[in-house]
Structures are given as C-alpha cells and as structure tokens.
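K.L.:
If you use my numbering, the sequence shown closes out at 157, no skipped numbers anywhere.
Since the hints were derived computationally from the structure, they do not count as laboratory data.
Do not take every clue at face value.
For each label pair, taking beta carbons as the anchor points, the in silico distance ranges come out as [claimed, not checked]:
id, residue 1, residue 2, range
1, Leu4, Met77, 42 to 52 Å
2, Ala94, Glu70, 21 to 31 Å
3, Gln97, Leu21, 25 to 35 Å
4, Lys95, Ala16, 36 to 46 Å
5, Met1, Ala92, 41 to 51 Å
6, Ala116, Gly20, 20 to 30 Å
7, Gln97, Trp72, 26 to 36 Å
8, Asp155, Ala78, 41 to 51 Å
9, Gly114, Ala157, 18 to 28 Å
10, Ala78, Met1, 53 to 63 Å
11, Ala92, Glu70, 37 to 47 Å
Using N, Cα and C, we set each Cβ at its ideal position, and we do this for glycine too.
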Amino acid sequence: MSPLIAIAITTGILSAVWGGLAAALGLISWVGFLGCTSYFASSGGYKALLQTLLCNATGMLWALLLIHGENWWGAGMAGYLMTGVVATLMCAQAKQQWLSYIPGTFAGCCATFGAAGEWRLILPSLVIGALFGYLMKASGLWLSRKTQASTRVTDPA
Numbered sequence: 001m002s003p004l005i006a007i008a009i010t011t012g013i014l015s016a017v018w019g020g021l022a023a024a025l026g027l028i029s030w031v032g033f034l035g036c037t038s039y040f041a042s043s044g045g046y047k048a049l050l051q052t053l054l055c056n057a058t059g060m061l062w063a064l065l066l067i068h069g070e071n072w073w074g075a076g077m078a079g080y081l082m083t084g085v086v087a088t089l090m091c092a093q094a095k096q097q098w099l100s101y102i103p104g105t106f107a108g109c110c111a112t113f114g115a116a117g118e119w120r121l122i123l124p125s126l127v128i129g130a131l132f133g134y135l136m137k138a139s140g141l142w143l144s145r146k147t148q149a150s151t152r153v154t155d156p157a
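Required output: the full structure, derived from the provided sequences and hints.
P.N.:
Rendered as structure tokens:
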C-alpha cells in the first residue's frame, strides 16, 4: 500500500478516536486538529513533534498576552499596534532553534483566539492533537511498510 493511502487510513481511524476522546474529556476537538495539522505540516519525526508542541504552546501564550494585555494598553489603535508587535515577536522567536517552527506558533495563537483564551482546554487539546498527528503519520508509514514487498517506504510529504 502506498504511504499516502496508508496515512489516509490511519488518519481517518485516529481522527475518529480523537473526536470521541475529546468529547469524553471535555476538550476542544478542532483545537486538537490544529495541533495535529501543525505536526503534519512540519518536517516530521520526534524533533518536529517537540518543536510543534513548544511552538503551539508559545503561540498560545502570545495570544493570552494580547487577550489580557488589553487591560494595560486599552482597546482600539493601541491593541492593533500591540498585535503587530506580538506578531513580530512570534516570528523573531524563531531565532531559537526549538522555537523556529513559525506556523506552529501561529496555529497555537489562532487556536487561543478562536477558543476565547480558555487555556486550560486549549493546551491539552493542542498537545494531544499534536501527539495524534505524530501517531497518524507514524502508524501510516508502518502500515505502508507492512503491506509492501519492499521495506523501503518514503514519506509522501
């Protein structure tokens, strides 16, 4: 079986599992899918998983700063200016190797805005979602190897 089809199958199965798990735990399923998507869009592997987790978390923190910072700098034009400053800092943090996955940072930030800053739900949803993304891809590559005569399987991404 091709890696793409195998990953599609395992992604479908684990997406259903994540949806049920999120509902059972009271987590936000779509936020988990942002964590999953962040991982899928990365280069893959353990290092990418760790970068995804760290960048999603820092993105969440940047969003919380903007959400709660309005009490310090007020709304309106100052808020827009601070959004620009924070977006700049979200990109600049990429100078640090472990925080260099900018799309993961923005995904964590967007999830936080979309979920109204409910970080107690956002953080575990992002973390478990990224872990599911890793499992989806790894299990798909495993399935592809097991169903092919050749043991050489390349990642379709």
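K.L.:
That 53 to 63 Å hint for Ala78 and Met1 (C-beta), does it hold up?
P.N.:
About 55 Å separates the Cβ atoms of Ala78 and Met1, which means 53 to 63 Å holds.
K.L.:
How does the Cβ-Cβ distance of Ala116 and Gly20 compare with 20 to 30 Å: does it lie in that range?
P.N.:
holds, 24 Å
K.L.:
With 21 to 31 Å as the target window, see if Ala94 and Glu70 comply at their CB atoms.
P.N.:
Roughly 26 Å apart at Cβ, these two residues keep to the hinted range, so it holds.
K.L.:
Please check whether Gln97 and Trp72 have a Cβ separation lying inside 26 to 36 Å.
P.N.:
holds, 31 Å
K.L.:
The hint says 41 to 51 Å between Met1 and Ala92; measuring C-beta to C-beta, is that right?
P.N.:
holds, 43 Å
K.L.:
When you take the CB atoms of Ala92 and Glu70, is the distance between them in 37 to 47 Å?
P.N.:
Cβ of Ala92 to Cβ of Glu70: about 22 Å, so the range 37 to 47 Å is violated.
K.L.:
Between Leu4 and Met77, does the beta-carbon spacing fit 42 to 52 Å?
P.N.:
Once the Cβ atoms are compared, 48 Å apart, the range 42 to 52 Å for Met77 and Leu4 holds.
K.L.:
Quick check: does the Cβ-Cβ distance between Lys95 and Ala16 fall within 36 to 46 Å?
P.N.:
holds, 39 Å
K.L.:
Is the gap between the beta carbons of Asp155 and Ala78 within 41 to 51 Å?
P.N.:
holds, 45 Å
K.L.:
Mind checking the hinted window 25 to 35 Å against the Cβ distance between Gln97 and Leu21?
P.N.:
Once the Cβ atoms are compared, 32 Å apart, the range 25 to 35 Å for Leu21 and Gln97 holds.
K.L.:
Could you say whether the range 18 to 28 Å given as a hint is met by the Cβ separation of Gly114 and Ala157?
P.N.:
holds, 25 Å
Hint 11 from the list above is the single one not met by this structure.
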